[in-house]
Amino acid sequence: MKRLTLCLGILLFVLGQQQTFAVDDEFYYLLGGGEPVTRSASNRPQTFELGGSVAWNTDLMCGNFDMSLSVEEQLQGIKGSFSDLMDNVMSAATGAVASLPALVIQKVNPALYDLLQNGVLQASEEFHLAQTSCEEIVGMMDEAISHNGWESVAKGGYWGAESTAGSEILQTRTSADTAGIDAGVIWVEGAQRGGRGQAPIELVGDTVRAGYNQLLQRNPANNTSMAASCADAPICEYWPNPTAMSDWVIDVIGEKKIRTCEACDKISARPGMGLNHQLGIEQVLIATDLEALVLSNDAPTAAELEAVSGGPGMLISRRVIEAIREENEHEQMVLINRLSAEMALSRTMERAMIARRALISGMKEPNVANLQIAQEDLTPFVADLEQEIENMLFEIEVRDRVATNTAVQLLMRDKVRAQVPIVESPPASNFEEGASVTP
Numbered sequence: 000m001k002r003l004t005l006c007l008g009i010l011l012f013v014l015g016q017q018q019t020f021a022v023d024d025e026f027y028y029l030l031g032g033g034e035p036v037t038r039s040a041s042n043r044p045q046t047f048e049l050g051g052s053v054a055w056n057t058d059l060m061c062g063n064f065d066m067s068l069s070v071e072e073q074l075q076g077i078k079g080s081f082s083d084l085m086d087n088v089m090s091a092a093t094g095a096v097a098s099l100p101a102l103v104i105q106k107v108n109p110a111l112y113d114l115l116q117n118g119v120l121q122a123s124e125e126f127h128l129a130q131t132s133c134e135e136i137v138g139m140m141d142e143a144i145s146h147n148g149w150e151s152v153a154k155g156g157y158w159g160a161e162s163t164a165g166s167e168i169l170q171t172r173t174s175a176d177t178a179g180i181d182a183g184v185i186w187v188e189g190a191q192r193g194g195r196g197q198a199p200i201e202l203v204g205d206t207v208r209a210g211y212n213q214l215l216q217r218n219p220a221n222n223t224s225m226a227a228s229c230a231d232a233p234i235c236e237y238w239p240n241p242t243a244m245s246d247w248v249i250d251v252i253g254e255k256k257i258r259t260c261e262a263c264d265k266i267s268a269r270p271g272m273g274l275n276h277q278l279g280i281e282q283v284l285i286a287t288d289l290e291a292l293v294l295s296n297d298a299p300t301a302a303e304l305e306a307v308s309g310g311p312g313m314l315i316s317r318r319v320i321e322a323i324r325e326e327n328e329h330e331q332m333v334l335i336n337r338l339s340a341e342m343a344l345s346r347t348m349e350r351a352m353i354a355r356r357a358l359i360s361g362m363k364e365p366n367v368a369n370l371q372i373a374q375e376d377l378t379p380f381v382a383d384l385e386q387e388i389e390n391m392l393f394e395i396e397v398r399d400r401v402a403t404n405t406a407v408q409l410l411m412r413d414k415v416r417a418q419v420p421i422v423e424s425p426p427a428s429n430f431e432e433g434a435s436v437t438p
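Under numbering that gives the first Met the number 0, residues 0 to 438 are what the sequence shown spells out, in order.
Honestly, the hints are just simulated from the structure, not real lab data. All values reported here derive from a predicted model rather than from experimental measurement. Treat the hints with care, since some could be wrong.
Derived DEER-like restraints, expressed as beta-carbon distance ranges [unchecked claim]: (1) Gln418 x Ala302: 42 to 52 Å; (2) Thr287 x Asp264: 40 to 50 Å; (3) Ala198 x Gln170: 51 to 61 Å.
Ideal Cβ positions, reconstructed from N, Cα and C, are used throughout, including at glycine.
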C-alpha cells in the first residue's frame, strides 16, 4: 500500500497535477518547487518527417529547353523578331526547304539561302540569349532555395569526373543537368549520397555519427558499438554506438534530408522536440530507480547509487537515500520527484554538451568540411542546440527565483507572527492605580 501511494504521488508530480501540501511548505519552496524546469511542449514520442511541396522538387535545368523547337518557331513566324519577314517570302522558303537540300538551295537561289541562314542564326542567337537569362535566374534561385546548391555541387562533381575521363565538353554540359544531379554528392568518407538509387544526405545524423567516431579515433562511417572498448569515455557511457547518439540529437534539434536526383523529393525535414523532452524521459527512469531505493530496507550499492545519480559530477550518496527514508510519505514524494528531476537535468546538460562537440567535430570531417553549403546548412542546427542549453539554464534561474522569493518570505513572516505572543489590552475600569476615580 505504501509503495502504491508513493507511485501515484510521483506520477502526479511528473504529469504536473495540482500539488496537495501535506508537506512543510517552507521546505517545499526552498527546494524551488517540484520541478526545476517546465515540461516538454509535447508528450508524443517523436515528430513526423515531412517532405516539401511538389513545386520545390522541380529541377532548375536550362539544358531541358529545346533549341530546335525555338528555331522552328522562329522560321515559321510563330514567335520572335523573325516573324516580321514578308509572308510570301516565308511561304517560298517553307516550300524550298521541304523539297530541296540546303546545298541545292544555295546554288539555285543564293538570296533565299542567305535569308534562311540569317534566320537560323538569329533564332539560334535568341535561344542562347534566353538560355543565358535562364542560367542567371537559376544562379539566383541557387541562393534562394537550399537544395539547388546541393544540385550545383552534384553537377560540379560530375563535371570533374567527366573531365578526368576525357569526355566531350558539349555533351558533358548537356548531360550535367540530368546525369550530374543523379550522380549525387560526395559525402562522409567519400560515399555518394543523395543521387538516384542512393541513400539521402542525412545532414544532422550523418554529421553526428562522423563526429562520434572521430572523437573516438575511429573511421567516420563506422556504426559498430564501442561499449566494450570505450575506456570510460563519457560519450560511450551515454551512447553505445553512433546511431544511438544521432537518434538522440535528432530528437532534440531535428533533421534535414537532401536528395539531388531528378524528380526526387528534394528536401524532407523533421523538427526537434527540444531538451525538455529528453529531460522528461530521463527523469522518469531515475525516479523509478530512486523510488525502489527509498522503499528498500537494504543498503544501496555503488551501482544502484550511480543509476540514480546525475553523472560523475553529480553523485547521490548513501546518506541522501537514508535521509529520504526518514521523511514521511508525502515529503518522500516531493524529494524523489525533485531529486530525480535535478539528476536528470545534470545528465541532460552533460549529454547536450557532448552532443554539441560531436556535431562540431563531424563538421570537420574532410568531405563535409569541403562543402560550403554543408557548413551553412549545419550551422543553424549547432545554434539550435546551443540555444536549447542557454534556454534551460535561464529557465532554471528564473524558476528558482519565482518559486522561493515571495512564497518563502510570506511563510517566514507567518512563522514570526505565530511565535510572538498576543497581548490583549485590559478592559476599561473606573480604578486608577488601585484608587477609585469619581467623575
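For each hint, the structure was consulted:
no., hint, result
1, Gln418 x Ala302: 42 to 52 Å, "47 Å, holds"
2, Thr287 x Asp264: 40 to 50 Å, "41 Å, holds"
3, Ala198 x Gln170: 51 to 61 Å, "29 Å, violated"
In this structure, the one hint that does not hold is number 3.
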